[in-house]
Amino acid sequence: MSDTALRTPFPERAGAALKDAFLQEALKIATTKFIDLRKESFAGFPQGEALRDRARAIKEATLQHLDVHLERLADNVERLGGTVHWATTAEEAREIVLRLCRDRGVRMAVKSKSMATEEIDLNEALEHAGVTPVETDLGEYIIQLAHEKPSHIIAPAIHKTKGQVAELFSRELRGEFPADPEVLTAVARKALREKFLQADMGITGANFAIAETGTVVLVTNEGNGRMVTSLPRIHVALMGIEKVIPSMSDLVVFLAILARSATGQKLSSYTTLVRGPRRVGELEGPEEFHLILLDNGRSRQIASTLREALYCLRCGACLNVCPVYRQIGGHAYGYTYPGPIGILLTAMLKGNESVRELAHASSLCGACKDVCPVRIDIPRMLIELREHLDRERIAPWSERLAFKAFRRLLLSPGAFRLTARAGRWLQLPFVREGRLRGLPLLFSSWTRTRDLPPVAARTFRELWKELR
Amino acid sequence: MITCLGDVFFPEVGVAMVRLLRRLGVEVDFPEAQTCCGMPLFNSGYHRDAAQVAARTVKLFEDAPHVIVPSGSCAWMVKAEYPGLLKHDPALRAAAESLARRTRELSQFLVEVLGITKIESPFHGKVTYHDSCHLLRGLGESASPRALLRGVPGVELVELPGADQCCGFGGSFSVRLPEVSTAILDKKLANVEATGARCLVACDAGCLMQMGGGLTRRGSAVKAVHLAQVLAGELPA
Chain A
664 MSDTALRTPF PERAGAALKD AFLQEALKIA TTKFIDLRKE SFAGFPQGEA
714 LRDRARAIKE ATLQHLDVHL ERLADNVERL GGTVHWATTA EEAREIVLRL
764 CRDRGVRMAV KSKSMATEEI DLNEALEHAG VTPVETDLGE YIIQLAHEKP
814 SHIIAPAIHK TKGQVAELFS RELRGEFPAD PEVLTAVARK ALREKFLQAD
864 MGITGANFAI AETGTVVLVT NEGNGRMVTS LPRIHVALMG IEKVIPSMSD
914 LVVFLAILAR SATGQKLSSY TTLVRGPRRV GELEGPEEFH LILLDNGRSR
964 QIASTLREAL YCLRCGACLN VCPVYRQIGG HAYGYTYPGP IGILLTAMLK
1014 GNESVRELAH ASSLCGACKD VCPVRIDIPR MLIELREHLD RERIAPWSER
1064 LAFKAFRRLL LSPGAFRLTA RAGRWLQLPF VREGRLRGLP LLFSSWTRTR
1114 DLPPVAARTF RELWKELR
Chain B
16 MITCLGDVFF PEVGVAMVRL LRRLGVEVDF PEAQTCCGMP LFNSGYHRDA
66 AQVAARTVKL FEDAPHVIVP SGSCAWMVKA EYPGLLKHDP ALRAAAESLA
116 RRTRELSQFL VEVLGITKIE SPFHGKVTYH DSCHLLRGLG ESASPRALLR
166 GVPGVELVEL PGADQCCGFG GSFSVRLPEV STAILDKKLA NVEATGARCL
216 VACDAGCLMQ MGGGLTRRGS AVKAVHLAQV LAGELPA
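These protein sequence lines are chains A and B, in that order. The working numbering runs 663 ahead of the 1-based position in the first sequence. The working numbering runs 15 ahead of the 1-based position in the second sequence.
Derived from the structure by calculation, the hints contain no laboratory data. Heads up, a few of these hints could be off.
Claimed, not checked - Reference excerpt, derived from the structure (chain A facing chain B, CB under 10 Å, subset only):
hint, residue
1, Ile759
2, Arg762
3, Ala1022
4, Cys1028
5, Leu1073
6, Pro1076
7, Gly1097
8, Leu1099
Don't be surprised by glycine CBs; every beta carbon is placed ideally from N, CA and C.
Chain A with its partners taken away, still in its complex shape:
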């Protein structure tokens, strides 16, 4: 989202999303479908729970020696003839890609779906440098045509109804297309086929990278990942440093739970394993292979509050079950990664200041933790994040003052009792049919949409004197 859009406070962005009837319809259908598919898939897979534990343990152990695994990965990629680049910041990562484009005369790049490239705003940088980026994942293609950003980690166009996509295609691709997903997919397929053949560079992310073999793994459903990694003469893969895993046997564990968590599939339709550029005697594959290892704030968190967020597989399951995400969708969050995990990732990549409001965009219901394939305790980490907002004085002073006053009230039973008594008098003008309505000030946030029970005529502690 642009900086101007981010200047609108989060509650207003969320409010606008609630009023968007198309968004509400699209979200309800899609998230419900994802939830049901995931549930069904794990119900028929009893070993799933143990595999989730195992996957978490692998992530934990890998992060303990992240440097060792990354160096091993880099060595193996180079041994296979690839080139490895280390990028500390988003800017460095962009510069690496742009330099490759300049040096090799790249004018068009086809892309397979990648959140890491979204994270560094690569498309904007490419366009600015005169290189045409073409998204080839159907959802990404849709939002690129619409000049939007993804609103879900695995279903970037989840916020659009098929009617909206038909309108968009009819306008942008000049035709009259019905709101039929099959027809629309065929239209996109035809338009993209030419791009695959024209492109000089293929850009992908990486779901995993295997240190022991130097393999980059892509999990996709449309086959576009294969075209992107095999047709253009250069393949550039961009991955966050936390995506490295030690061995092929670890990969098996993750593959067994990733697609199940994301879409309820046993495996995604395509699992693409890329090992370096084309070798002598091979018929296909790129002439050059580049792997960019992106830090961008990640290593800072290895021994810190947000550590567990580095386990994230980007499956999107936590978004689908989150009551907040289900109401407001991804764009309202305002950053690359939406939903509960997105709040943590945003804090990691952009700093705690950026999540002053977002840190509270959760009822802490815990549904996210329940479905996370690697059992990231997201609610717990959100609470930790909020603690940092207090300690670093990022939370507004008025809020901090109010909570300190509340603490004093809780530490003094006398004051607590008196406050209840005062409330009993102050509420009198607002009691309607035994309920509180139309309260002023802060309380109006509650009573605008809900009734509040009045302070009881006699509180429990007052009644206790007779009960005793």
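Once you've looked at the hints, dock chain B against the given chain A.
Quick look at chain B alone, frame taken from chain A:
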């Protein structure tokens, strides 16, 4: 333990719990110096402040063999978070761990400690049950409240579609993002009304405040009640 919302807004729940427990032969005491478990402070990130409240509460309940809370979230706070909050003081930490072991949410106490699932109550009619997030996912409890409701002869329990989904309360979340909170609530209440139940039962003061507030605002005939009220047969008119 009768925590803040229960004391000030829902004293009838506490009264119902006391009467119920006495009827079952439990001797009940209420340390009058208690106020709140401190969860509102904790969840908003004010951990040093919450620790002071926890330290106080731990001492107030030092001598009780069982501490019973009619609110899943407060029980979870005491059980899951008190020991961590007080970890820097070995004596307090030990006291917190002891309190965590002795603390139970009401339905869990009735089923696990007293071994009761059949309670005679004059309450009758069709009810539905909402799983509060902290009781369900925090304390892992979904069976005890349902078993107790089924155990009341006149009660017919109908399952609530999406019973395990949040009601949108979330403490300060409900006033920080009131529109989102209410949108979540509206979905919940639509499901509640579709069940045809006359009462919506829950085991948490927060959820009852949220769902009850939504029900009366929309003029619904469904009443939000606490499990203790059903079991004690003490319903408001």
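Hints, one by one, checked against the model:
The interface hint given for Ile759/A is violated, since its Cβ lies 38 Å from the closest Cβ of chain B, which is over the 10 Å cut-off. Look at Arg762/A: its Cβ only gets to about 43 Å from chain B, farther than 10 Å, so that hint breaks. The interface hint given for Ala1022/A is met, as the beta carbon of that residue sits about 8 Å from the closest beta carbon of chain B, less than 10 Å. Interface restraint check: Cys1028/A against chain B, minimum CB-CB distance 4 Å, threshold 10 Å, status holds.
Look at Leu1073/A: its Cβ gets to within about 5 Å of chain B, closer than 10 Å, so that hint holds up. The beta carbon of Pro1076/A comes within 5 Å of a beta carbon in chain B, closer than 10 Å, and the hint placing it at the interface holds. Restraint check, Gly1097/A versus chain B: the minimum CB separation of about 9 Å is within 10 Å; hint holds. Because the beta carbon of Leu1099/A sits about 9 Å from the nearest beta carbon in chain B, less than 10 Å, this interface hint is met.
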